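Undergrad: Now for the letters of each chain:
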Amino acid sequence: MQAEVSGLGLGASLFFVALAIALSYWRRLRIEGTIAWSAGRAMVQLLLVGAALVLVLDPARPMALAWAWVAVMLLFAAFTVRRRVPEVPKIFWLALLAYVAAAAISIGILFGLGVFSLDARTLIPLAGMMVGNSMTATVVAARRVVEELRDKRDEVEARLSLGQPSSVAARPYLAAALRTALIPQIETTKAVGVVFLPGAMTGMILAGVSPLLAVKVQIVVMYLVLGSVATTVTVVGLGTVKLLFTRDHRLIRLVRQAES
Amino acid sequence: MSTSGNSKDRAKDSIFELDGVVVEVDGRKILGELSGAVRASGITAVAGPSGSGKSTFLRLLNRLEVPTRGQISYRGADLSTLDPLALRREVGMVFQRPVLFGGTVIDNLAVAAPGLSADRAIEVLARAGLGDEYVDREVDSLSGGEAQRVCIARTLAAEPSVMLLDEPTSALDAGPRLALEDLGVELAALGTPLVWITHDLGQMERIATDVIILIGGQAEYWGELGGLVSSDSKRVREFLRGGTRAS
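Going down the list, the sequences are from chains A and B. Residue 131 in my numbering sits at position 131 of the first sequence, and the numbers go up by one each step. Residue 506 in my numbering sits at position 246 of the second sequence, and the numbers go up by one each step.
Hint data in this document are derived by calculation from the structure and do not stem from the laboratory. Just so you know, these numbers come straight off a predicted model, no measurement behind them. Among these hints, one or two may not hold up.
Unchecked claim - List time: in silico DSS-like cross-link candidates among lysine-lysine, alpha-carbon distance up to 30 Å: (1) Lys-242/A - Lys-494/B; (2) Lys-289/B - Lys-152/A; (3) Lys-289/B - Lys-90/A; (4) Lys-494/B - Lys-289/B; (5) Lys-90/A - Lys-152/A; (6) Lys-216/A - Lys-152/A; (7) Lys-90/A - Lys-190/A; (8) Lys-216/A - Lys-190/A.
Stated by the list, open to error - Part of the chain B face toward chain A, derived, beta carbon under 7 Å: (9) Leu-324; (10) Pro-344; (11) Leu-345; (12) Arg-348; (13) Val-371; (14) Ala-372; (15) Arg-397.
Backbone N, C-alpha and C fix where the C-beta goes; we use that ideal spot for every residue, glycine too.
Modelling step: build the complete structure from the supplied sequences, incorporating the hints.
TA: Right under this line is the structure:
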């Protein structure tokens, strides 16, 4: 399949971005700058990534380059969590540990069982799917845990005052946060094939692979993404709770962050 | 700091002892340096202007806060060496705003005493001045006064040896406020010592046996209620003149 994107095509795709900026300005949502910045940044990032991928995906290059790419992805994802959830001490290491473990298991299954052959062209996008989906969901989970415990501090401390350990006192708020973080992935999984066709499957069918085989591969990928997201969200959620309480079961001070 | 009473007798009769306790947050001193003993009987009222460190003082006693410096003892044992969960069951706490968890009254009592029987629930509710018709009431249907009583009943369900109350009547009208004061006096008379924060001098005079006046994080007075009027502290006299008195 050949696709050419003309300047006109690129301009047309920005129409909706411009519309979103106009809506934000009209309704005084004050997110015009954020939308414009994220759209511009995404374009620059993707162009740089595209140039780098040309190098990394070259079969003549060593696989170590692809692994290095995955390592950078993991570090960037953990750094993103730290940036978005600065209230939690050591969350960078917690998130990194969760992502590394989830990626190792997912990649181990995908390539160890021969679902895909191991090369840069398969490793990078598959690892990206695991890490990308996990990062989005874990940021939501950790933020919600912080906000729930901060906003319901009086309830949490009432529970602690009755002699509940911090893990028990935080349980209702952790459960609410994990549900919020996992619902989008669960809904996506439920709607697969009905509302949208996953990219990997569509690509394989377009490339001439039998639809049944494409579906099987997609199911494996989908389960691994779901498992990876659910596992990292749970690990990061539980870990965040642990990091927000002292060893003697006191909730640390959580200052409300300034609105950006 | 001015105190009254024989300090040796007080130490023998004390439930909490503070020795050089200081609390600092982000380098700012909130409390201290505090030294003194809280008596193991009656009601010790902690009064003072807003921001004087009253709530921090109370939270130190069940280890929701820890001192930056100094030592707190509970029944002669260093508080920092005790199991915080066991300590918090012994040192019950009632907060300023009644905090109830979702569900019914008995669900709330069961948080403090898992597996609590209906008979035991009725017993602790009665101690808090509520009838047995409250056992299965949804907490959302309770008034402010009823909710605070359920909070007290929930704390009592854990069978505490001492109770800490952080301005428990501040959100209540005169009727429920006076009823809750009577309940506190009754609990103390039955052998549960109370440490009760109040900003209401009238309430302090009605319920307290001992008084701690905190001003700017310092204990300007720590002694029996009767000795307060003869305090030689200028800051205490100013506070007593300017303090609020609700009926």
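Undergrad: Each hint should be assessed against the structure and marked as holding or not.
TA: Consistency of the hints with the structure:
1. About 47 Å separates the Cα atoms of Lys-242/A and Lys-494/B, which puts this hinted pair outside 30 Å; it is violated.
2. This hinted pair checks out: Lys-289/B and Lys-152/A have alpha carbons roughly 26 Å apart, not beyond 30 Å.
3. Pair hint Lys-289/B plus Lys-90/A holds up; C-alpha atoms about 27 Å apart against a cutoff of 30 Å.
4. Using a Cα cut-off of 30 Å, the hinted pair Lys-494/B and Lys-289/B holds, with the two alpha carbons roughly 22 Å apart.
5. For the given pair, Lys-90/A sits about 23 Å from Lys-152/A by alpha-carbon distance, which is consistent with the 30 Å threshold.
6. At most 30 Å may separate the alpha-carbon atoms for a hinted pair to count; Lys-216/A and Lys-152/A exceed this at roughly 45 Å.
7. Between Lys-90/A and Lys-190/A the CA atoms are separated by roughly 34 Å; this puts the pair beyond 30 Å, and the hint is violated.
8. Taken as a hint, the Lys-216/A and Lys-190/A pair is honoured in the structure, with Cα atoms around 16 Å apart against an allowance of 30 Å.
9. Given hint, Leu-324/B at the interface with chain A, holds; its Cβ is 6 Å from that chain's nearest Cβ, closer than 7 Å.
10. Given hint, Pro-344/B at the interface with chain A, holds; its Cβ is 5 Å from that chain's nearest Cβ, closer than 7 Å.
11. Here the hint on Leu-345/B is kept, as its CB sits about 5 Å from the closest CB of chain A, short of 7 Å.
12. Interface hint status for Arg-348/B: upheld, as the beta-carbon distance to the closest one in chain A is roughly 5 Å, under 7 Å.
13. The beta carbon of Val-371/B comes within 6 Å of a beta carbon in chain A, closer than 7 Å, and the hint placing it at the interface holds.
14. A distance limit of 7 Å between C-beta atoms decides the matter here; for Ala-372/B the minimum to chain A is near 4 Å, and the interface restraint holds.
15. Checking Arg-397/B against chain A: minimum C-beta separation of about 19 Å lies over 7 Å; hint violated.
Hint compliance for this structure: hints 1, 6, 7 and 15 are broken, all remaining hints hold.
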